[in-house]
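Just so we're aligned, residue 1 is where the sequence shown starts under my numbering, counting upward by one.
Where hints are given, some of them may not hold.
[What the hints assert, rightly or not] Derived lysine-lysine pairs resembling DSSO-like cross-links, with alpha carbons at most 27 Å apart:
hint	residue 1	residue 2
1	186	142
2	98	6
3	24	110
4	24	113
5	232	98
6	232	220
7	41	92
8	113	98
9	78	24
10	213	232
11	24	219
12	113	78
13	219	232
[As the list claims (entries may be wrong)] Now the in silico label distances, taken between C-beta atoms and shown as ranges:
hint	residue 1	residue 2	range
14	76	51	40 to 50 Å
15	187	3	21 to 31 Å
16	50	147	19 to 29 Å
17	150	47	21 to 31 Å
18	106	186	28 to 38 Å
19	159	43	36 to 46 Å
20	147	43	55 to 65 Å
21	48	208	52 to 62 Å
22	48	146	40 to 50 Å
23	46	239	38 to 48 Å
24	121	32	17 to 27 Å
The hints are simulated quantities; they were obtained by calculation from the structure and are not laboratory data.
This one's a predicted model, so the numbers in the text were calculated from it and none came from an experiment.
Yeah, the Cβ is synthetic: ideal placement off N, Cα and C, and Gly gets one too.
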Amino acid sequence: MQIPVKIDPCPIVEASIGISFEPKVIPDAVFGIVYNAIKDKYPNAAALPILQLPEEIRNKDSNLINQPHYTVSNDTFKVLIGPRVLTLSVSKEYVGWKVLLPEIIDLFNKIAKLDIIAQVHRLGLRYINVFDFDIFEKVKLKINVGDTPLISNNAFVRAEIAGNNFVNTLQIGNNASGIVGNNPFKGSIIDIDTFTTHGLDNFFSNSSDLVLKGHEEEKKTFYNLLTPEFLKTLNPTYAGEK
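Between the sequences and the hints, there should be enough to build the whole structure, so can you do that?
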């Protein structure tokens, strides 16, 4: 299948790329070191509510230990920083891959020079897409009980799809609501978290290649899900086209 370079209108409401890692330094020192290195580019800093929890709870709960504690941001991007996690996300309207890729590579290069990470454990790319109609009518996903379609007007499906050295966690629903960034939404959602925990021993030497491969996996998962008829309505642009 030929993968579009872009579609219009773009349904992406959140895009993020991040790593979880084991620090070389005291975990609580990570934020200060990273912030001093990137504050000129991301001048707006804020603490996250997780810091209101006792440190003992944060360190023992497996659901909390890899959560960010602070954000630093500018008008376009936000960096979430924790003792064992670093994530770059688009703060507002999606800026496109040609802008996002150099931003994350520049951030990784700055972190590599700090030499504060002993081992990267996970690389993940997450894209959240929102639609104002029932997305199950537009995708190649069918769930039946016998001959009866199981999908209703309040359906949610989660699945892990193996890719080429990556895993794609797909979540798709037709009655979702919430806030992404500062934007409230209600409707259908396609949420794809593409991640790998393999081949990360020399992460900062190969970060660009790994991020590119993860992005291609995410795109293939997204576009393979859409019916050809629906994709045509999104005005796809392919490589070589103006």
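Hints, one by one, checked against the model:
no.: 1; hint: 186 <-> 142; result: holds (23 Å)
no.: 2; hint: 98 <-> 6; result: holds (11 Å)
no.: 3; hint: 24 <-> 110; result: holds (16 Å)
no.: 4; hint: 24 <-> 113; result: holds (13 Å)
no.: 5; hint: 232 <-> 98; result: holds (23 Å)
no.: 6; hint: 232 <-> 220; result: holds (16 Å)
no.: 7; hint: 41 <-> 92; result: holds (17 Å)
no.: 8; hint: 113 <-> 98; result: holds (24 Å)
no.: 9; hint: 78 <-> 24; result: holds (24 Å)
no.: 10; hint: 213 <-> 232; result: holds (25 Å)
no.: 11; hint: 24 <-> 219; result: violated (34 Å)
no.: 12; hint: 113 <-> 78; result: holds (20 Å)
no.: 13; hint: 219 <-> 232; result: holds (16 Å)
no.: 14; hint: 76 <-> 51: 40 to 50 Å; result: violated (25 Å)
no.: 15; hint: 187 <-> 3: 21 to 31 Å; result: holds (24 Å)
no.: 16; hint: 50 <-> 147: 19 to 29 Å; result: violated (48 Å)
no.: 17; hint: 150 <-> 47: 21 to 31 Å; result: violated (44 Å)
no.: 18; hint: 106 <-> 186: 28 to 38 Å; result: holds (35 Å)
no.: 19; hint: 159 <-> 43: 36 to 46 Å; result: holds (40 Å)
no.: 20; hint: 147 <-> 43: 55 to 65 Å; result: holds (59 Å)
no.: 21; hint: 48 <-> 208: 52 to 62 Å; result: violated (29 Å)
no.: 22; hint: 48 <-> 146: 40 to 50 Å; result: holds (47 Å)
no.: 23; hint: 46 <-> 239: 38 to 48 Å; result: holds (39 Å)
no.: 24; hint: 121 <-> 32: 17 to 27 Å; result: holds (22 Å)
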